[in-house]
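Those protein sequences? They're chains V and W, same order as listed.
Going by my numbering, the letters in the first sequence line up with residues 1 to 514, in that order.
Going by my numbering, the letters in the second sequence line up with residues 1 to 514, in that order.
It cannot be assumed that every hint is accurate.
Claimed, not checked - Heads up, simulated BS3-like pairs for lysine-lysine below, C-alpha to C-alpha not over 25 Å straight-line:
| id | chain 1 | residue 1 | chain 2 | residue 2 |
| --- | --- | --- | --- | --- |
| 1 | V | 283 | V | 261 |
| 2 | V | 460 | W | 64 |
| 3 | V | 64 | W | 261 |
| 4 | W | 261 | W | 223 |
| 5 | W | 64 | W | 150 |
| 6 | W | 261 | W | 283 |
These are computed hints drawn from the structure, not numbers from a lab.
Protein chains: 2
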Amino acid sequence: MNGAESLLATMTGAGVETCFANPGTSEMHFLAAVDRAPGLRCALTLFEGVAAGAADGYFRMADKPAATLLHLGPGLANGMANIHNARRAGSGMVNVVGDHASAHLQYDAPLTSDLMGMARAISHWTHRSQTSADVARDAAAAIARAGARKAEIATLVLPGDVAWGPSSGPAPLVRAQDDSRIDAHALESAARALLGGEPTLVILGGRALRAGPLDIAGRIGAKTGCVVAAQFFSARIERGVGRVAVSRIPYAVDPAIAFLKPFRHLVMIETGEPVAFFSYPDKPSLLKADGARSHQVCPAGGDGLAALEALCDLVQARAARAQVQPRAQRGGARGPLTPQSVADVLRDGLPENCILVDESLTTGRETYALTGGAAPHDTLQNMGGSIGFSPPASTGAAMACPDRKVVCMVGDGSAMYTIQALWTQAREGLDVTTIIFANRRYQILNNESVNMGAGALGPKSLELTSIDRPELDFVALAKGMGVPGVRVEDAEGFADALARALAAPGPKLIEVRL
Amino acid sequence: MNGAESLLATMTGAGVETCFANPGTSEMHFLAAVDRAPGLRCALTLFEGVAAGAADGYFRMADKPAATLLHLGPGLANGMANIHNARRAGSGMVNVVGDHASAHLQYDAPLTSDLMGMARAISHWTHRSQTSADVARDAAAAIARAGARKAEIATLVLPGDVAWGPSSGPAPLVRAQDDSRIDAHALESAARALLGGEPTLVILGGRALRAGPLDIAGRIGAKTGCVVAAQFFSARIERGVGRVAVSRIPYAVDPAIAFLKPFRHLVMIETGEPVAFFSYPDKPSLLKADGARSHQVCPAGGDGLAALEALCDLVQARAARAQVQPRAQRGGARGPLTPQSVADVLRDGLPENCILVDESLTTGRETYALTGGAAPHDTLQNMGGSIGFSPPASTGAAMACPDRKVVCMVGDGSAMYTIQALWTQAREGLDVTTIIFANRRYQILNNESVNMGAGALGPKSLELTSIDRPELDFVALAKGMGVPGVRVEDAEGFADALARALAAPGPKLIEVRL
């Protein structure tokens with residue numbers, strides 16, 4: 001057994017069964033070992049940003065890490081933007097980055113770069129394996145970090161000589177210490193706030209937004225009158241009919257401040273205080289009302305379910321009945337494509353138990369609140385702000401849940417960052433329907449120019465926020481990667497296309513021309 | 001004048017007139033300032049890898065840096081692979097990376113990352129501007145580094161408050177100290193070697209591969225009998241009919257060793273000793289013959305022209321006559337697409353004074369030697385080994401040389417990394433003809449598996465080197481981004497398509513189905 005084989009055996013032994021791969025010459029022994037690793041499913045991607053984003057989507061749905069296989073420093077660099085998004089989402093992943101044999105580094109060959117510097121800039125845990133005898137143990141350590149409750153980005157650099165040298169076999173699984181990270185003092189003060197009658201907002205993040213913890217939060221709300229909310233972006237929310245609905249703290253600074261203004265207490269579970277996404281001249285970064293008190297019960301990566309259970313007991317809300325999302329009135333999706341008609345189509349058309357990966361920045365901001373009455377589903381959002389998240393994350397979510405439909409909502413500008421994901425969806429036969437909201441501009445920038453105090457943009461500047469010349473033809477792009485697509489121009493057409501796309505297995509694309 | 005305006009005025013004042021941009025909210029004041037910077041041409045890209053690769057191609061043809069405009073850490077990360085390629089090519093560029101205002105960083109907003117760590121891992125020079133009063137001076141320092149003879153990657157981080165705060169105006173140009181970096185001792189020993197009669201190889205890199213220095217090298221060759229060569233990859237070679245042809249040191253280790261075996265002396269000018277691209281079990285990294293002596297006359301970034309002139313005088317070769325590439329016999333491009341017939345088409349079809357950007361890994365390795373007899377042209381190659389170089393670099397080369405035709409040769413696997421470049425070519429009306437060599441696999445990996453001693457790949461492994469399922473349709477992909485394309489399946493079709501593509505202005509794509 002060589003080092004690469006011991007690495008793969010360690011991975012599959014620890015339950016890491018999926019690898020999103022962009023291999024190169026330096027990963028040749030890993031590649032050859034794949035054929036001798038029966039428990040491993042490898043999906044080829046055409047660009048590392050797809051591999052990294054897929055690992056994020058996979059983790060969110062599987063609750064365990066996937067691996068990526070990347071080619072030296074530049075391969076890791078191509079994955080970094082979506083690794084950043086995963087990191088901010090609390091998704092763990094094991095990045096295996098091939099490198100030159102150690103003896104080759106001194107010659108400064110073309111692909112040599114500051115690989116360790118790059119890896120440290122994006123990873124919680126970075127290690128370069130020194131010998132083929134060590135690599136299995138190193139892999140076990142990486143998997144422990146990536147698979148912990150506070151899941152981390154673990155990057156293992158695999159030099160050629162470590163991959164091809166001899167190994168005595170796989171290493172056993174290392175179990176991470178999963179501290180609940182609950183702050184007992186904050187828990188007590190939160191309970192007092194909830195019982196004290198002052199307006200209180202309970203903000204949930206991470207795994208506290210699954211149906212079970214949400215039900216508990218709903219009971220606390222029913223008993224104490226607190227409002228339950230999520231940040232504007234969340235890693236995964238189980239929502240829809242029959243689930244406890246949560247308010248969403250607005251994205252823009254002024255509405256967010258207005259939303260938060262009434263609350264004298266903020267209780268945070270698996271998330272932190274609401275902060276502005278960007279910095280603006282003359283606007284605050286911290287959005288809570290002056291004098292509002294924060295109760296950080298547990299941080300991201302803590303045990304939010306246990307925190308909510310303890311809180312529920314302290315406020316004696318076990319017997320309360322949570323208010324759940326009623327079934328919405330259906331129909332009404334007619335005429336021009338507007339935020340309302342788009343939302344009508346989605347509310348009626350999202351199939352039960354689907355996974356909605358939402359990166360429709362401008363469109364989604366308006367439609368989200370209008371789709372709460374859809375059938376029960378999971379929504380995944382971009383947590384790191386680096387666009388090009390949704391097509392890869394949808395790919396990974398579909399790999400994790402082959403029996404669920406995935407609906408990917410993405411703006412045209414964002415989609416073009418990682419459009420190569422469509423090809424992997426076609427190759428793996430994944431049930432992903434991609435909806436491109438094509439407004440032919442980076443509309444969010446036009447909105448932000450006023451918020452920034454930069455004034456109205458002139459013609460040369462506007463050229464840098466517009467993508468209408470030439471117009472992107474997403475149906476042609478999808479065809480180029482083996483995915484059937486249609487373009488729709490009104491609500492009826494959108495509803496019909498969505499129904500057809502979801503009726504048959506395999507990837508589809510709908511270009512919604514706004 | 002605000003900080004962003006002072007930055008742009010400093011750039012245009014110093015001759016940095018082109019910016020490849022992927023802006024976001026944090027770059028809003030830079031964006032607004034573009035309208036008040038009449039000397040600046042901004043080209044929007046759909047992905048930062050295109051912006052960075054375009055800056056590389058621009059530098060190689062313009063001999064001066066372009067700027068990139070990138071959005072925080074993840075935007076820089078998306079550009080890093082092609083920044084790596086540029087760095088290895090000795091191309092300078094000024095990366096302006098927008099960031100949160102400094103006061104906002106403490107809140108760890110979603111797009112916060114280790115931006116400085118990322119920047120340092122890829123840049124020669126990294127600086128975060130502290131105040132709006134400083135940024136013009138900081139920009140001048142960045143431009144000096146990027147525009148020096150030993151050109152560097154200069155990354156300037158522009159926090160929001162620095163962009164929107166007040167400035168007293170632009171800063172004057174700083175001139176870099178351009179040392180010739182010629183080693184007088186190595187120059188003398190090289191001259192003695194050349195006159196001594198032992199087999200000597202003169203290896204040229206960087207600007208020493210332009211027509212002028214090549215003519216001098218050709219005289220030295222005619223006088224002394226030395227062989228003049230280039231590394232397998234070079235940043236820019238002026239070649240074709242009437243120019244001094246250089247041998248190319250092979251890519252694969254065994255042929256490279258065989259090529260170098262006869263030479264007792266290596267004279268290196270603007271490049272170093274030939275080393276293996278990758279490390280392989282039981283193969284050396286350093287390729288020269290045992291006992292061969294190296295004469296490093298000047299390193300990359302040195303004054304190769306001055307070095308060659310001095311060497312020419314020392315060996316008294318001024319009056320010698322360099323042997324130049326004769327006109328090749330034309331015609332013969334018929335039948336199936338083979339390395340020979342592809343090369344025949346290119347040799348006959350490349351227009352005089354065109355720029356050939358060559359990243360056709362498997363195909364190009366065989367065709368290059370067969371196209372020396374084409375009309376005079378410049379060839380640019382990928383110096384860093386991170387694929388996805390050629391479509392962006394072609395975009396930048398066309399921006400630098402609007403009166404020259406650009407021919408981009410790229411394999412299907414490489415093209416998919418940065419296929420978004422086609423859209424910028426269409427938007428800017430650039431004269432780029434992209435030739436996709438579609439063999440539907442990462443053929444180079446299949447070749448390398450044997451070299452690596454990893455054995456023949458099994459079926460699961462082969463899936464990771466093959467991109468034939470589904471087949472990529474590059475004509476559809478091009479249509480999706482506004483570029484007309486055709487598919488060809490034989491040499492006559494290829495020749496016809498190339499002639500048609502080059503006859504009319506604007507971008508085109510030819511999918512050569514191998």
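Consistency of the hints with the structure:
1. V/283 to V/261: holds (15 Å)
2. V/460 to W/64: Roughly 23 Å separates the two Cα atoms, so the pair holds.
3. V/64 to W/261: Given that 25 Å is the threshold and the Cα spacing comes to 53 Å, the pair is violated.
4. W/261 to W/223: holds (22 Å)
5. W/64 to W/150: holds (11 Å)
6. W/261 to W/283: holds (15 Å)
Against the hints set out earlier in the document, a violation occurs for number 3 only.
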